[in-house]
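Trainee: Residue numbers (the working numbering), protein chains in the order written: chain A, 11 to 518; chain R, 11 to 518.
No lab work stands behind these hints: they were computed from the structure.
You may find that some hints are simply not true.
Note that the list lumps identical chains together, so a pair holds whenever it fits in one copy or between two copies.
Said to hold, decoys possible - In silico SDA-like cross-links for lysine to any residue, where the CA-CA straight-line distance does not exceed 25 Å: (1) Lys242 / Ala257; (2) Lys65 / Gly230; (3) Lys65 / Asn443; (4) Lys211 / Asp415; (5) Lys496 / Arg120; (6) Lys496 / Arg132; (7) Lys242 / Ala391; (8) Lys21 / Ile252; (9) Lys496 / Thr135; (10) Lys398 / Glu239; (11) Lys324 / Glu440; (12) Lys324 / Glu266.
There are 2 protein chains.
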Amino acid sequence: MITGKNYIGNKLSAKGSVTHHTINPKLNIETPTPFFEATIDEVNEAVDLAWGVFKEYRKVSGTRRAEFLNAIADEILALDQELIDAYTTESGLPEGRAIGERGRTVFQLRSFADLVAKEDWRENTIDEAIPDRQPLPKEDLRRTLIPLGPVVVFAASNFPLAFSTAGGDTASALAAGCPVIVKAHAMHSGTAELVASAIIKAAEKTGMPNGVFSNLMGRGRTVGTALVEHPKVKAVGFTGSIAGGRALFDLASQREEPIPVFAEMGSINPVVITSKAISNRSAEIAKTYAGSITLGTGQFCTNPGLILTVEGPKTQEFVNDLAEKTVAIEAQCMLHPNIKKGFVENGASVTSQAGVEVVGTIQGELDANYAASLIATVSGADFLANPKTSQEVFGPFSLVVRCKDEAELLEVINNLEGQLTGTIIAEEEEYGNLHDLVDALENRVGRIIFNGVPTGVEVCPAMQHGGPYPASTDSRFGAVGANSIKRWVRPISYQSFPKELLPEALRK
Amino acid sequence: MITGKNYIGNKLSAKGSVTHHTINPKLNIETPTPFFEATIDEVNEAVDLAWGVFKEYRKVSGTRRAEFLNAIADEILALDQELIDAYTTESGLPEGRAIGERGRTVFQLRSFADLVAKEDWRENTIDEAIPDRQPLPKEDLRRTLIPLGPVVVFAASNFPLAFSTAGGDTASALAAGCPVIVKAHAMHSGTAELVASAIIKAAEKTGMPNGVFSNLMGRGRTVGTALVEHPKVKAVGFTGSIAGGRALFDLASQREEPIPVFAEMGSINPVVITSKAISNRSAEIAKTYAGSITLGTGQFCTNPGLILTVEGPKTQEFVNDLAEKTVAIEAQCMLHPNIKKGFVENGASVTSQAGVEVVGTIQGELDANYAASLIATVSGADFLANPKTSQEVFGPFSLVVRCKDEAELLEVINNLEGQLTGTIIAEEEEYGNLHDLVDALENRVGRIIFNGVPTGVEVCPAMQHGGPYPASTDSRFGAVGANSIKRWVRPISYQSFPKELLPEALRK
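With the sequences and hints as input, model every part of the structure.
Mentor: Set out below in structure tokens:
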């Protein structure tokens, strides 16, 4: 049941008087439950509780943390249709997506359970003593990874489950041994509370200390700011806009004790399509990309917002075909009114720049929060001349940049900001000529895809989901897969230690 | 030969008119060569050159980078007595230390050569495709680590070789595939130029691109600020004071594109000595610690500046003995007049705080830059009540904090800022009672030493040299050993890539 209250550890709490409602974007109406924004007292209570139990939780064995994570997965599944309904109501996303994303969330939790049930992930290293080494004896040194402390997770608007309350950031931080305080996304407060209740149930069932998890509601920046500035918070995870992520990064960097902020932010995900590929399979590529651009109403951080090609005989035909196929896909609902507003405004901004032409967009009246997919085009020269053309338009939008030659296309890539992904669509006989292109993309992105689409982020060890700024605030880490646990830990060395005082895995 | 000029890549350059001299601290006189501070033009030239060759250098094979690093080691050794003389003249440190530190520097270079000659360090990961997976096929994903770009290294005053021009930061960054620009320490400019000449010779001999390394001189903050703010610089390494490191961190965080700063800064390195250990072997511990406190004139980041003990029957005797033995060690020269000034001022500040008593210090007139070793003591209550008592006194100083009981001692630890190291001196029969102490130290430090001294940082895979802020700006990384290469790289994934376009190590 959705109460509208915060979880301060295992306790429901609503001390404040400021409330907000979530919105059903399909109907464009508020949902009935008022959600109570956490007060500063409640923020402090949650952080103090997390700090207090950190000492205990960080010593909980990997096996028991795995039980906890698996129990969270079980409890999420047990929420059943109530969760799916809250998700679809608050996000406007379809039931199939809700079920799929729940599957991903559960898979992530179970993957981290598997990871921490064993000790391999800690990079445990033992350098034995060499007492007779000359000129000085070598001491015994043993190194492992230990958790940083309480972690604050900001839930994403575009993944109400997989990158929110019990999403990748929470799962990896809990797996690492860090208590977690989630700042719920204000537009998914009901979904957030349900998932939080699952985490709390799982914590109680598996005997985790009260305070290992809290869930705080809030609409503006007050709760988030108080959390990031709290001296007992030791790291932050965030998925969202560049403005939001940068604001948190700045707060965290200016603290007396700066703390890391892992913000996964904006990306327009350049896709290079060679003119030969267009000549050979224009229709197939247009169809695939129309699907990728509109997938999830274009509300993925890996959405292909920029298509780069060298002008060739079939470019115009391809652009027209892409626009036609994109527009032919039925308009879908966006996550909430602000996302719709941003989509319209940013789309209008990009398409009003010199040289940018709209090739196709859905015409006519749409329901309030539905998005009119939009394909535009611009020359390489106009794109290079004007940074406003590379602004992210979050939603079903892509800008096709038609470069005069390969050199101009490389210049476009070299001038892009950091990106999560880059994609190359090319024919086999061209592979030998693509080294410069791969080189250029390597310098700008965190993942390069060949003859595919950037949407769809596999959860596996070889995945990197992150990239140079502003794709991420720290390109050395990623937000998906086993490696993402490394964000919440630091190395420690034990020198000449008695076995009984070493962490168990180092007692060899 | 020392020319006083900057190296902009392979070229000696002295476009500016601002010069400075280094100081022979033993004689307290300036050395003869004027060193030309790099102009902003020269800074830009060095960074542009580094950025230009990054594209080439990052593709140089590990085997060839290993040749380069080994050649640097060879060329440093070939400098022979000229280098040792410059080192001892500019640092006031004895010849034995110079030779030892040169050995460490050469060892570090050769260790990184060994590391990158193989590919293991890149964490190469291959997740093969599963084309028939349901509901969606799994794409082939391959992950490796690639270099960030040009790195700026600020040389340390207290390690003119091992943490300076060709020290650990430079060696690890060059090993990773990043061009390096060193900002030489103004007080070791001659040593810096000699080592820079060795790097340049090695680069030329092994065919590395011109610009892979530059060495810039400068006294104030102008050169360093221009380097850190330059958009083509992608990471910074620093060893030095909290004020200096934090200033660089702030500059780097406030850039349009923030970049990581790995600053290894202040630490007072708490040493807990149980009263039983004092009862059993007071004289031995006092002797060992008198040596550790005065080693290198106390100018190590791991110097034991804080000794914590629970008051016992022999505490007073131990403190007196420690002071006596410390003061009995002949006064030594400090690195330069500013270090001496800081030692005197900070020592006076700490010893003037309420409840702090000087137990022993070298009496009488000393030559200008020689340090009068100093042992002081304070009660746990007075220490806890006043943050000024925990100020770092860089030099041969230690403050013994006498706690009334175990609880107060733990409170002292819990209230300390982050530290590089913590040490426990205890008797075997006490081990079972030390879990809380180890716990408390784990939360505050990067390395815990048992029945030893914190000075002496072994270069090996299990070493962690770094700690929670302000010991380091990023506790997740360290400045010593193989893992320190991870500071300069980021992960990248290749999805469904043709073999011929993959980095060689991923073509399996």
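Trainee: Now tell me, hint by hint, if it's right for this structure.
Mentor: To see whether the hints hold, each was checked on the structure:
| no. | hint | verdict |
| --- | --- | --- |
| 1 | Lys242 / Ala257 | both (19 Å within a copy, 23 Å between copies) |
| 2 | Lys65 / Gly230 | neither (32 Å within a copy, 44 Å between copies) |
| 3 | Lys65 / Asn443 | between (56 Å within a copy, 17 Å between copies) |
| 4 | Lys211 / Asp415 | neither (59 Å within a copy, 40 Å between copies) |
| 5 | Lys496 / Arg120 | within (17 Å within a copy, 28 Å between copies) |
| 6 | Lys496 / Arg132 | both (9 Å within a copy, 15 Å between copies) |
| 7 | Lys242 / Ala391 | between (50 Å within a copy, 23 Å between copies) |
| 8 | Lys21 / Ile252 | neither (33 Å within a copy, 41 Å between copies) |
| 9 | Lys496 / Thr135 | both (16 Å within a copy, 16 Å between copies) |
| 10 | Lys398 / Glu239 | between (33 Å within a copy, 24 Å between copies) |
| 11 | Lys324 / Glu440 | within (17 Å within a copy, 81 Å between copies) |
| 12 | Lys324 / Glu266 | neither (58 Å within a copy, 39 Å between copies) |
Of the numbered hints stated above, those contradicted by the structure are hints 2, 4, 8, 12, listed in ascending order.
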